[in-house]
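Protein chains in written order, with our numbering: chain H, 1 to 316; chain A, 1 to 645.
In short, the hints are calculated from the structure, not lab data. Each residue gets a CB set at the ideal place from its N, CA and C atoms; glycine is no exception. Do not take every clue at face value.
[As the list claims (entries may be wrong)] Here are the computed distance ranges between Cβ atoms for each label pair:
| # | chain 1 | residue 1 | chain 2 | residue 2 | range |
| --- | --- | --- | --- | --- | --- |
| 1 | A | Gln352 | H | Ala5 | 46 to 56 Å |
| 2 | A | Gly48 | H | Arg116 | 53 to 63 Å |
| 3 | H | Met285 | A | Glu412 | 27 to 37 Å |
[Stated by the list, open to error] Subject to a maximum C-alpha distance of 27 Å in a straight line, what follows is the list of computed DSSO-like cross-link-like pairs (lysine-lysine):
| # | chain 1 | residue 1 | chain 2 | residue 2 |
| --- | --- | --- | --- | --- |
| 4 | H | Lys49 | A | Lys415 |
| 5 | H | Lys216 | H | Lys144 |
| 6 | H | Lys216 | H | Lys191 |
| 7 | H | Lys146 | H | Lys233 |
| 8 | A | Lys142 | H | Lys296 |
| 9 | A | Lys410 | A | Lys222 |
| 10 | H | Lys256 | H | Lys144 |
| 11 | A | Lys49 | H | Lys296 |
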Amino acid sequence: MSVEAPVKRFTLKDYKSDLHNDWCPGCGDFGILTGIQLALQQMDLDPDKVAVFSGIGCSGKTPHYVKAYGFHTLHGRVLPTATGARLANSGVTVIALGGDGDGYGIGAGYFVNSGRRNVDMAYLVHNNSVYGLTKGQASPTLRKGKRTKSMPEEAIQDGINPIAMAVAAGYTFIARGYALEPKHLAGIIVKAIEHKGAALVDVLQTCPTYNDLYTKEWYDGADLPDKRSRLYKLDDTGYDGVVHDVTDEKEIVAKKAQAVVKSYEREPIPIGVYYQAELPTYEDMLRQRIPALDGKPLVDIDVFHRDVNALLEAMR
Amino acid sequence: MQKNRLSWMIGGPQGSGINASAEVFAKACSRAGLRVYANIEYHSNIMGKHSFYRVRVSDEDLRSYQEKIDILVALDLETLVGDADHRRWPTHYGHLHEIDRGGGVIYDSEIGFEPPADRSDIRFFPVPFIEVIRTALEEVGKGDQARRYEILKNTVALGATLALCEYPFDIVADVILSQFKGKRSEIGQLNVRAAKLAFDYVRDHFDCAAFPYRLQPNPERKPRILAKGYEIIALAKLRAGCAFQTYYPISPATDESVFLERHQREQSLLVVQCEDEISSINMAVGAAHMGVRSATATSGPGFALMVEGIGFAAMTEAPGPVITMYQRGGPSTGLPTRQEQGDLRFVLHPAQGDFPHVVIAPGDLRECYQDVFSAFNWAEQFQLPVIVLPDKKLAAIYTTIDRLELTYDKVERGKIFTGSEWTPYAAKGNDLVEQDGHLPGGKKPGEGVNEYLRYALSDDGVSPRSRPGTPGGRFWSTTDEHDPDGHITEGVEMRTAMMRKRMGKLDLISRTVPKDQQYELHGPADADLTVVAWGSTKGTILDAMLALAEDGKKVSFLQCRLMRPFPAEDVERILRSAKRLVLVEENYSGQLGAVIAEETGVRIEDRVLKYDGRPFSEDEIVAALRERFAGRPEPHTEAVMTHVR
Ligand SMILES: Cc1ncc(C[n+]2csc(CCOP(=O)(O)OP(=O)(O)O)c2C)c(N)n1
Ligand code: SF4
Ligand SMILES: [Mg+2]
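In isolation and in its complexed conformation, chain H is listed as follows (with noise of 0.2 Å):
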């Protein structure tokens, strides 16, 4: 008996803007674009569909080369922005994504309020521990006493830990990806767009200009006795980060712990879902208080022609 695989509307060609790509030879964030353009043809997404968002940085310019609608928009605000407009228009697919100064320095306060609001959106971090399109300082995810070839002193803050920060703000999907590994990461981002949620995908980036500290090599292993890879991947060790029954309050806070636990791990680092839990979004809460909101994206509402009588009629 043969199993049929439902013909696909589109090919990864489809995803593919012609436009000349500016990353630096070897970039990590060519991996995350190729992920992403991966899960959308996976998803088999119209592009039509599809809103990317970005932040400001070298990750920023990845909505360019994504044939979808896409918004570059400012350096720290792209999740207010990309939520606005999935508020707006739920019939649209929106992904969230900027690097891991965009997100965790100057957004850090957006980063945080995302997982409390819990809106159903894919956000992906480019994390490559510097800040790229300025010229390689740290960012906020480098760890203190460490120094890439492009900082003139080692950094004396440490570095945050996005994982544990996504927990403790209440994202309900947690991952972590790799950046040169890209069918992976696919499958992630697949997860994170299907997850109904505000998903955090923290994908660890290379950027062979200025971080010569994380480089592939360095991912790879190479420089280790052994040679064994500095990565590994919760599906291969039977780690399973989903909260199986969103109302027992136990498992939930358990399955926290375990994934914290879990992100303080180093070398190796796992990669694949920490946590995952299925509870009410805030698009859910909407709904129940703007009745007309059921099934309906706020721009399809009918708003111009609204009758307000009631409310001269208790100005008298």
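Starting from the known structure of chain H, arrange chain A with the ligands on it as the hints suggest.
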């Protein structure tokens, strides 16, 4: 028939319910056909600090407050004598000095007030507030709980007032009852009883007939509403089809958003309380790009955080948002609950670079409605952020206006890509090639290219926008300089073309916005003196002009309303043909004066400025103008300060 004319004030500690009392009184007057102008002054504090609410009532239209009070109601001693006894730097000296000769004071006989000998020209009406409350409670078997019901003092104050001016009690009782519906109707009844007992007490203990102030319903009742500015603005947002409002709490802007939030269910309006104003503006920009009419509301400190979002919206030609930016006293946290027109120059130049946006400053509630409604049209027609600039005074004044005529509201959504039309070839920015008649791809001049370009170079600067999700309408958008595709460019020609495209919209706006919404010259054409002002001083100046007309003085008033693009030519013509110019503003530096100087080259040297955090009273404007007619020779800058003692 005697004319209705009363200036009433109630003062007390914050949290004591003076708002309720003043607003019920205002409503009871308005429903009986009287015109009302009420304004509140309060501290940035929740409990205890002095606040007061002034209600001015008349048969004629009222647009300002006067300094003199006819009846003062004092819930505490501080309302009468100020806080000099317990503050090193007194904030005020009480309101006793503001009471007009022949007027009166109703006060709580418990507060330990001794009428001063130097005010034998006014009458004093001590009322045992707590006793009245106790009596009302005794009737429902709660006589021992009087201290728990101190909030009823404001109702007692109201009842006492009504007795003094011999106003029909029933009208007020109806208003009170209409505010306590359902489960709370018992409390309504209690309030009515307390008010009635106070009413009876005053009638029985004092010679009310000898008190010269009377209020009577006006028999010719026009359909009017009694509203606050923020309510009118919220109403305009609803009527204009605003679907998305973001906010971060800040006085005096919050009320608008909370009002909308309260009605979001039945009006299908999404209101999002954000983590800060940066989030507020950017969410609103994101929503605008998706094709909904979006808005946010804030005040100076919040706007200071929003500025990058204004540039973002302008650069990406977002069809919005509309920002209602309620001015309050600055700088920095400044005077959170007080009046100032101090942010004009700030909102005109909020962010880096040259970019187009619209700024309009309504002068009264009707203009608030009109300008906010128009703002949504302009945001979409011109694809840029629009700032409407009210202030604390406009937000909070509670005044009668003729019922809004809503039938003329017309929604204009601008150019929208529907999938059927394509971009003209020249709009790609390749018109240089077109000039020699050789077009790539064998196209003929004027023929379209088979793709949609969001940032196509159009003659008027506006290119059709596409709603994300529209088939074939895909586009990119970036805060970097960009080409018609919306991709980043740093090319010399494209940069120049895009700069001209965006900035050219300002000319289009000047041509599109009706002249009478841009500015207005009020008063006689042959005036001897022309007041130049903007925003919420409008009503005060118009009232002052009436007073000067009674003196036989011809005064006109140039009201500037559209601040960007500024109607420079027309304003210059008016200014140059005026006999004498006086600038009136509620700020330190004369910000409109600076804008006028920049735009027209006309410098107005005669200036009446106020920056004490309080709006001008009618009297202050009248006095300043009379002084000019009295022939003070040299134009000068006069700093007006509210008479606090
Ligand atoms: C408000 C603001 N401050 C500073 C900058 C300058 N700037 C551009 S990109 C960038 C950092 C980018 O780093 P990251 O977010 O990690 O992105 P990457 O380039 O590494 O992908 C900065 C500081 C800016 N564009 N806006
Ligand atoms: S600087 Fe680094 S992050 Fe930026 S494009 Fe070059 S390699 Fe990539
Ligand atoms: Mg980075």
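Hints and how they fare:
Between glutamine 352(A) and alanine 5(H) the C-beta distance comes to about 52 Å, which sits within the given range of 46 to 56 Å. Taking 53 to 63 Å as the suggested C-beta distance range, the pair glycine 48(A) and arginine 116(H) does not conform, at roughly 34 Å. Distance hint check for methionine 285(H) and glutamate 412(A): the Cβ-Cβ separation is about 34 Å, which falls inside the suggested range of 27 to 37 Å. Taking the CA atoms of lysine 49(H) and lysine 415(A), the gap is near 21 Å; set against the 27 Å cutoff, the hint holds.
Taken as a hint, the lysine 216(H) and lysine 144(H) pair is honoured in the structure, with Cα atoms around 21 Å apart against an allowance of 27 Å. Between the alpha carbons of lysine 216(H) and lysine 191(H) the distance comes to roughly 25 Å, so the proposed pair stays at or under 27 Å and holds. Between lysine 146(H) and lysine 233(H) the alpha-carbon distance is near 26 Å, which keeps this suggested pair within the 27 Å criterion. At roughly 53 Å between alpha-carbon atoms, lysine 142(A) and lysine 296(H) are farther apart than 27 Å, so this suggested pair is violated.
For the hint linking lysine 410(A) to lysine 222(A), the alpha-carbon distance of about 25 Å falls within 27 Å, and the restraint holds. A hinted pair counts as satisfied when its Cα atoms are at most 27 Å apart, and lysine 256(H) with lysine 144(H) qualifies at roughly 26 Å. With a CA separation close to 48 Å, the supplied pair lysine 49(A) and lysine 296(H) exceeds the 27 Å bound.
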